Amino acid sequence: KAGVTQTPRYLIKTRGQQVTLSCSPISGHRSVSWYQQTPGQGLQFLFEYFSETQRNKGNFPGRFSGRQFSNSRSEMNVSTLELGDSALYLCASSMDQETQYFGPGTRLLVL
Amino acid sequence: QQQVKQSPQSLIVQKGGISIINCAYENTAFDYFPWYQQFPGKGPALLIAIRPDVSEKKEGRFTISFNKSAKQFSLHIMDSQPGDSATYFCAAYLLGNMLTFGGGTRLMVKP
Numbered sequence: 013k014a015g016v017t018q019t020p021r022y023l024i025k026t027r028g029q030q031v032t033l034s035c036s037p038i039s040g041h042r043s044v045s046w047y048q049q050t051p052g053q054g055l056q057f058l059f060e061y062f063s064e065t066q067r068n069k070g071n072f073p074g075r076f077s078g079r080q081f082s083n084s085r086s087e088m089n090v091s092t093l094e095l096g097d098s099a100l101y102l103c104a105s106s107m108d109q110e111t112q113y114f115g116p117g118t119r120l121l122v123l
Numbered sequence: 012q013q014q015v016k017q018s019p020q021s022l023i024v025q026k027g028g029i030s031i032i033n034c035a036y037e038n039t040a041f042d043y044f045p046w047y048q049q050f051p052g053k054g055p056a057l058l059i060a061i062r063p064d065v066s067e068k069k070e071g072r073f074t075i076s077f078n079k080s081a082k083q084f085s086l087h088i089m090d091s092q093p094g095d096s097a098t099y100f101c102a103a104y105l106l107g108n109m110l111t112f113g114g115g116t117r118l119m120v121k122p
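Quick note, the sequences are listed as chains U and Y, same order. Counted from 1, the first sequence has number 52 at position 40 by our numbering; the numbering is strictly sequential. Counted from 1, the second sequence has number 101 at position 90 by our numbering; the numbering is strictly sequential.
Think of the hints as simulated: they come from the structure by calculation, not from any bench. It cannot be assumed that every hint is accurate.
To be verified - Cut-off 30 Å, straight-line C-alpha distance, at most; resulting in silico cross-link-like pairs (DSSO-like, lysine-lysine):
1. Y/K26 with Y/K121
2. Y/K69 with Y/K16
3. Y/K53 with U/K69
4. Y/K16 with U/K69
5. Y/K26 with Y/K69
6. Y/K68 with Y/K26
7. Y/K68 with Y/K16
8. Y/K69 with U/K25
9. Y/K82 with Y/K16
10. U/K69 with Y/K82
11. Y/K16 with Y/K121
12. U/K69 with Y/K79
13. Y/K69 with Y/K121
14. Y/K26 with Y/K53
15. Y/K69 with Y/K82
Please read all numbers here as calculations on a predicted model, not as lab measurements.
Model the full assembly from the supplied sequences, consistent with the hints where possible.
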């Protein structure tokens, strides 16, 4: 089976812009989760989608949003980018929540 | 209650030595404890996992030791190799919620 894929792999934006990241889960996985990874804060959970519904949400501001499509592909959007949003954004897919399979991530740099 | 504390932050081990990474948790409702390995430029990959009704699990050179009464678990890498140099994350899962990750340990195995 193909693994989790994320696009784009690298992105440079400026403050105030918005960005959309995409994730394609492993075939058959209906749960998609998003994480933010930074050197200072480690791996922080953003949100989880299951069957097109947000099932869990982390402690991030409303500028961070996501959605899931009927084919389980997911997108996350960050509006009004801040310098502190520079991070590696990881997507993970799962069949049972507890076992997460991560993609390679999208590295976002906000200037 | 949801925190998982991981130590040390970094570790240097000689080739052939034993690498030990420790994690402690507070919420006794956690019921699944995975370890992830992350190489630079890659997403975390599931390495080994344990449930709290088991005190030890071994897979090749990797062993998890679990102490339920102390609310601690650890990863032991026997015969450490330079190829094991990576960042390791412990995590804990609570049914219906998402994985809570430790802060990570950067392991360097010197040849």
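Agreement of Y/K69 and Y/K82 with the hint, judged by alpha carbon distance not exceeding 30 Å: holds, 19 Å
Pairwise hint evaluation, U/K69 against Y/K16, where the allowed Cα distance is 30 Å at most: Answer holds: Y/K16 to U/K69 is near 21 Å, not above 30 Å.
Restraint status (C-alpha distance of U/K69 to Y/K82 at most 30 Å): Holds: U/K69 and Y/K82 sit about 26 Å apart, inside 30 Å.
Y/K26 paired with Y/K69 [C-alpha distance capped at 30 Å]: holds, 20 Å
Y/K69 paired with Y/K16 [C-alpha distance capped at 30 Å]: holds, 22 Å
Given pair status - Y/K121, Y/K69, alpha carbons within 30 Å: Holds. Y/K69 to Y/K121 sits at ~24 Å (cutoff 30 Å).
Y/K53 paired with U/K69 [C-alpha distance capped at 30 Å]: holds, 24 Å
Straight-line alpha-carbon gap Y/K68 to Y/K16, limit 30 Å: Between Y/K68 and Y/K16 the Cα gap is close to 21 Å, so the pair holds against 30 Å.
Agreement of U/K69 and Y/K79 with the hint, judged by alpha carbon distance not exceeding 30 Å: holds, 28 Å
Restraint check for Y/K68 with Y/K26, where alpha carbons must lie at most 30 Å apart: holds, 23 Å
Y/K26 paired with Y/K53 [C-alpha distance capped at 30 Å]: With a Cα-Cα distance of about 23 Å, the restraint between Y/K26 and Y/K53 holds, given a limit of 30 Å.
30 Å limit on alpha-carbon distance, applied to hinted pair Y/K69 and U/K25: violated, 45 Å
Checked against the numbered hints above, the structure breaks only hint 8 and satisfies the rest.
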